[in-house]
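Student: Listed below are the residues making up each chain.
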Amino acid sequence: MSHNLLINGSDYAVDVDDDIPLLWVLRDTIGLTGTKFGCGIAMCGACTVHVDGVPMRSCVMPVGDAVGKRVTTIEAVGDTAEGARIQKAWLDIDVVQCGYCQSGQIMSATALLAANPSPTDDDIDAVMAGNICRCGTYPRIRAAIKLAAKAG
Amino acid sequence: MSIHDKVNVSVSRRHFLIGASLTGAGLIIGLQPSPSSAAAGDLEPNPFIRIPADGKITLIMPSVEMGQGIYTSVAMLLAEELEVTLDQVVLEHAPADPTRYANPLLGDQITGGSLAIRAVYEQMRKAGASARMVLVNAAARGWGVAPDTCTAEAGQVVHAASGRRAAYGSLIQAAASETVPQEVPLKPASSFKVIGQSIRRLDSPEKVNGTAKFGIDARPEGVSYAAIAICPHFDGKLRSVADKPAMAVKGVKQVVRIEDAVAVVADNTGAARKGLAALAIEWDPGPSGDLSLAELEKRAEDAIGGKALPHINEGDVTKAEAENGPVHEFVYRMPILTHSAMEPMNCTLHVRNDSCDVWVGTQVAGRARQAVADVTGLPLEKVVVHNHLLGGGFGRRLDVDGVILAAKIAKQVDGPVKVTWSREEDIRHDCYRYLNYSKITATLGPDGMPVSWRHRVIGPAVMARWLPAFTRDGIDLDIMGGAESSYAIPNKYTEFVRHEAPGGMLTGNWRGVGATRNIFPIEGGIDELAHAAKVDPLEYRRRLLQHKPRLLGALDLAAEKAGWSNALPQGKGRGIALSEDFGSFAAMISEVSVGEDGKLKIDRIVCAVDCGQVVNPDTVDAQIVSGIVYGLSAALYGRITVQNGAVVESNFDDSPVLRIHETPKVEVYIVPSSEAPGGIGEVGTPGVAPSLFNAIFVATGKRLRSLPIDQNDFRRV
Numbered sequence: 002m003s004h005n006l007l008i009n010g011s012d013y014a015v016d017v018d019d020d021i022p023l024l025w026v027l028r029d030t031i032g033l034t035g036t037k038f039g040c041g042i043a044m045c046g047a048c049t050v051h052v053d054g055v056p057m058r059s060c061v062m063p064v065g066d067a068v069g070k071r072v073t074t075i076e077a078v079g080d081t082a083e084g085a086r087i088q089k090a091w092l093d094i095d096v097v098q099c100g101y102c103q104s105g106q107i108m109s110a111t112a113l114l115a116a117n118p119s120p121t122d123d124d125i126d127a128v129m130a131g132n133i134c135r136c137g138t139y140p141r142i143r144a145a146i147k148l149a150a151k152a153g
Numbered sequence: 003m004s005i006h007d008k009v010n011v012s013v014s015r016r017h018f019l020i021g022a023s024l025t026g027a028g029l030i031i032g033l034q035p036s037p038s039s040a041a042a043g044d045l046e047p048n049p050f051i052r053i054p055a056d057g058k059i060t061l062i063m064p065s066v067e068m069g070q071g072i073y074t075s076v077a078m079l080l081a082e083e084l085e086v087t088l089d090q091v092v093l094e095h096a097p098a099d100p101t102r103y104a105n106p107l108l109g110d111q112i113t114g115g116s117l118a119i120r121a122v123y124e125q126m127r128k129a130g131a132s133a134r135m136v137l138v139n140a141a142a143r144g145w146g147v148a149p150d151t152c153t154a155e156a157g158q159v160v161h162a163a164s165g166r167r168a169a170y171g172s173l174i175q176a177a178a179s180e181t182v183p184q185e186v187p188l189k190p191a192s193s194f195k196v197i198g199q200s201i202r203r204l205d206s207p208e209k210v211n212g213t214a215k216f217g218i219d220a221r222p223e224g225v226s227y228a229a230i231a232i233c234p235h236f237d238g239k240l241r242s243v244a245d246k247p248a249m250a251v252k253g254v255k256q257v258v259r260i261e262d263a264v265a266v267v268a269d270n271t272g273a274a275r276k277g278l279a280a281l282a283i284e285w286d287p288g289p290s291g292d293l294s295l296a297e298l299e300k301r302a303e304d305a306i307g308g309k310a311l312p313h314i315n316e317g318d319v320t321k322a323e324a325e326n327g328p329v330h331e332f333v334y335r336m337p338i339l340t341h342s343a344m345e346p347m348n349c350t351l352h353v354r355n356d357s358c359d360v361w362v363g364t365q366v367a368g369r370a371r372q373a374v375a376d377v378t379g380l381p382l383e384k385v386v387v388h389n390h391l392l393g394g395g396f397g398r399r400l401d402v403d404g405v406i407l408a409a410k411i412a413k414q415v416d417g418p419v420k421v422t423w424s425r426e427e428d429i430r431h432d433c434y435r436y437l438n439y440s441k442i443t444a445t446l447g448p449d450g451m452p453v454s455w456r457h458r459v460i461g462p463a464v465m466a467r468w469l470p471a472f473t474r475d476g477i478d479l480d481i482m483g484g485a486e487s488s489y490a491i492p493n494k495y496t497e498f499v500r501h502e503a504p505g506g507m508l509t510g511n512w513r514g515v516g517a518t519r520n521i522f523p524i525e526g527g528i529d530e531l532a533h534a535a536k537v538d539p540l541e542y543r544r545r546l547l548q549h550k551p552r553l554l555g556a557l558d559l560a561a562e563k564a565g566w567s568n569a570l571p572q573g574k575g576r577g578i579a580l581s582e583d584f585g586s587f588a589a590m591i592s593e594v595s596v597g598e599d600g601k602l603k604i605d606r607i608v609c610a611v612d613c614g615q616v617v618n619p620d621t622v623d624a625q626i627v628s629g630i631v632y633g634l635s636a637a638l639y640g641r642i643t644v645q646n647g648a649v650v651e652s653n654f655d656d657s658p659v660l661r662i663h664e665t666p667k668v669e670v671y672i673v674p675s676s677e678a679p680g681g682i683g684e685v686g687t688p689g690v691a692p693s694l695f696n697a698i699f700v701a702t703g704k705r706l707r708s709l710p711i712d713q714n715d716f717r718r719v
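Chains as they are written, first to last, in my numbering: chain A, 2 to 153; chain B, 3 to 719.
Keep in mind that a hint or two might mislead.
[As the list claims (entries may be wrong)] Computed list of lysine-lysine pairs in DSSO-like fashion (alpha-carbon distance at most 27 Å, straight line):
id, chain 1, residue 1, chain 2, residue 2
1, B, K704, B, K563
2, B, K550, B, K603
3, B, K300, B, K321
4, A, K147, B, K536
5, B, K252, A, K70
6, B, K321, B, K601
7, B, K550, B, K563
8, B, K321, B, K309
9, A, K147, B, K667
10, B, K667, B, K601
11, B, K603, B, K536
12, B, K563, B, K574
13, B, K246, B, K309
14, A, K89, B, K536
15, A, K147, B, K195
16, A, K151, B, K667
17, B, K563, B, K601
18, B, K574, B, K667
19, A, K89, B, K704
20, B, K413, B, K252
21, A, K70, A, K151
The set of hints was computed from the structure by calculation and includes no laboratory data.
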């Protein structure tokens with residue numbers, strides 16, 4: 002069936018079953034490939050997007066559940082104040098290595114900062130433990146979140 | 003010395019190919035958003051540099067970028083001698099073409115073994131310098147002045163005496179007819195402006211804003227999406243499957259069968275996965291259908307006493323053992339490991355009657371191209387590989403099994419198709435680091451120092467399949483890498499027992515290659531000897547390393563930074579591990595605590611590294627941390643089990659990896675050096691497990707010899 006989606010401020014009509022995960026609609030149907038597939042079971046965080054500002058794992062979120070809500074992906078997160086600060090901090094600290102997980106890391110970190118302007122190490126752990134990085138950029142992720150918080 | 007230090011450096015270098023047009027150019031990273039192709043008239047002084055009349059200079063990357071920072075480092079080497087600034091260049095993936103883009107140390111278009119900078123440090127600088135000289139000569143000729151009165155800076159040739167300047171782009175026509183200089187002098191290190199600086203990664207912006215393109219992001223016009231189920235059993239096959247349940251799913255177009263896999267093709271991956279999940283697939287488990295990990299471990303255990311091939315024989319170990327007893331004997335055991343790169347395996351192909359395009363991220367573009375030619379029957383030159391950024395490599399993308407599988411499927415599909423593995427398939431069909439056991443036998447002299455050292459390595463000969471040039475008389479020189487140890491011991495004997503995985507279980511290269519296999523038993527073993535001799539493990543190593551000043555330098559720096567001489571309270575411990583490989587020297591000291599509850603906590607890991615001339619210090623820091631986190635993940639969690647001839651684990655829930663809250667403080671210190679640059683991508687990994695084991699021994703009195711570590715089992719003995 003057809004679903005009307007609001008993604009990064011634009012309207013899209015997509016004709017897929019309503020149980021198809023939002024991830025694949027974003028990546029394949031719409032072509033927003035910045036959101037990544039990592040595990041398919043909400044264990045790695047690579048697919049994190051914001052739905053009405055709340056971080057969600059798009060690999061397990063049925064597209065039907067996104068109807069009527071505002072979806073924000075990595076391609077537009079820089080339009081928010083927190084997203085822009087996080088992205089700048091990611092560049093200043095030079096966090097990325099392979100970069101594959103970083104869209105999800107940035108989406109999670111942005112949501113963290115929006116909810117908690119000055120997160121402690123424990124706060125960072127609690128939120129960011131849901132995002133896996135196999136290149137081991139964790140110490141720089143932590144430093145970048147703190148830098149972004151300071152810049153706020 | 004490892005195999006990497008012994009490779010012949012004689013590979014033809016073709017620095018000066020002016021005008022040769024590049025074909026099959028891959029995606030550009032950097033500021034240009036679209037794929038490029040060489041415009042007529044661009045100056046291509048060599049395969050690595052393309053200068054247009056206007057706009058940015060393209061640097062073509064012979065190694066692939068999988069996180070290790072090589073695109074930035076190679077660009078720095080080229081820019082240093084070409085005299086351009088890094089904001090004047092864009093980077094482009096090299097096409098599949100081993101004749102132009104082979105790693106000079108490997109003789110093939112391979113990115114691996116921490117060999118990129120070691121191989122191209124001079125080659126890239128010469129490529130930059132020769133291109134600059136051609137441009138300077140062209141400008142000087144046009145101005146009627148001597149070339150040595152001109153200089154180059156920031157993409158311009160400058161004649162200071164007359165104040166004239168010419169941008170490189172304005173010189174390309176004149177430069178095309180210049181003779182390429184035979185002598186290409188290079189800057190001394192004291193004149194470096196770029197090399198040695200902490201330059202920000204050139205690939206960061208697009209990786210931060212979501213526009214970076216990995217293989218999995220390829221979307222050629224008209225692409226379909228496939229999900230696959232590969233036979234879970236080693237050596238098993240597809241028995242039967244009915245299409246109907248999948249075809250009933252909206253968006254599913256086709257069910258494809260190959261010998262050992264089923265693919266469902268749809269108009270998005272979600273529909274393909276849904277269709278695949280609806281299928282009732284019957285597999286023929288094949289000859290290995292009853293294999294279990296217990297059986298595989300028993301076979302490996304038996305192989306410890308199997309037929310061994312001699313590797314290194316110095317002095318007379320047998321005689322020394324007879325004269326010095328008692329014999330200390332340790333067996334160290336390493337489990338089966340996956341790579342689990344964040345980007346699951348994938349490959350997109352468009353197979354036509356007369357040609358094929360391949361979109362993939364691979365460490366071996368030339369091999370990928372050949373594999374597709376083999377599967378499709380197309381001539382090699384009709385296969386175009388569009389290489390991409392890699393969402394992690396770690397050795398997984400040194401194999402082309404995923405490309406072959408995708409090509410077999412794509413042959414049956416009209417139009418382009420992207421084959422994306424699920425995480426479950428990725429874990430269950432890896433090219434595993436197989437069971438690897440080491441038996442070390444040593445005797446000590448009256449002073450407690452080792453007199454004899456015997457090291458028997460039991461494991462697969464990956465190189466026999468993957469790179470036969472790295473074998474000698476049946477010995478895999480990679481798995482034996484560093485087995486002889488860096489320590490001065492008068493009688494040494496190392497030997498190899500080839501012990502392969504069961505048929506159908508692919509085994510391959512894993513981050514740290516031979517060093518991660520051998521530093522674990524060696525550094526555990528030497529620590530055991532130090533404690534047996536009642537000598538401080540730092541002092542014990544120092545005594546054995548007087549002939550290794552660089553390793554000693556790293557050790558002393560790490561010891562100072564770790565505060566080795568400061569006593570720790572009960573329940574805490576520090577442990578050392580040293581490694582010498584990839585042309586680099588690393589000393590790691592782990593510090594751990596074990597609580598009353600027996601739970602392990604890793605307090606910090608200090609690593610000092612001497613990797614020779616550093617190209618980008620920030621990359622060295624990032625890569626050492628990366629290697630440590632990767633090694634720590636394996637040390638704490640890495641273990642694949644087998645039941646019914648199939649891998650049991652399937653995803654990050656039952657095959658966990660390290661997360662941010664478990665990551666200890668990591669400190670990296672670089673020993674200043676003007677020696678030839680060493681590799682860095684794998685240097686951080688080998689020392690993690692042994693330094694932890696040695697620290698745990700101090701904290702608990704418990705000597706571990708098997709990986710992974712059971713973190714909850716350290717009640718003091």
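Student: Now, for every hint given, state plainly whether the structure supports it.
Tutor: Comparing the hints with the structure gives:
no., hint, in the structure
1, B/K704 to B/K563, "26 Å, holds"
2, B/K550 to B/K603, "33 Å, violated"
3, B/K300 to B/K321, "31 Å, violated"
4, A/K147 to B/K536, "45 Å, violated"
5, B/K252 to A/K70, "24 Å, holds"
6, B/K321 to B/K601, "44 Å, violated"
7, B/K550 to B/K563, "20 Å, holds"
8, B/K321 to B/K309, "21 Å, holds"
9, A/K147 to B/K667, "16 Å, holds"
10, B/K667 to B/K601, "18 Å, holds"
11, B/K603 to B/K536, "26 Å, holds"
12, B/K563 to B/K574, "17 Å, holds"
13, B/K246 to B/K309, "53 Å, violated"
14, A/K89 to B/K536, "53 Å, violated"
15, A/K147 to B/K195, "32 Å, violated"
16, A/K151 to B/K667, "21 Å, holds"
17, B/K563 to B/K601, "26 Å, holds"
18, B/K574 to B/K667, "16 Å, holds"
19, A/K89 to B/K704, "46 Å, violated"
20, B/K413 to B/K252, "23 Å, holds"
21, A/K70 to A/K151, "31 Å, violated"
Consistency note: the structure conflicts with the earlier hints numbered 2, 3, 4, 6, 13, 14, 15, 19, 21.
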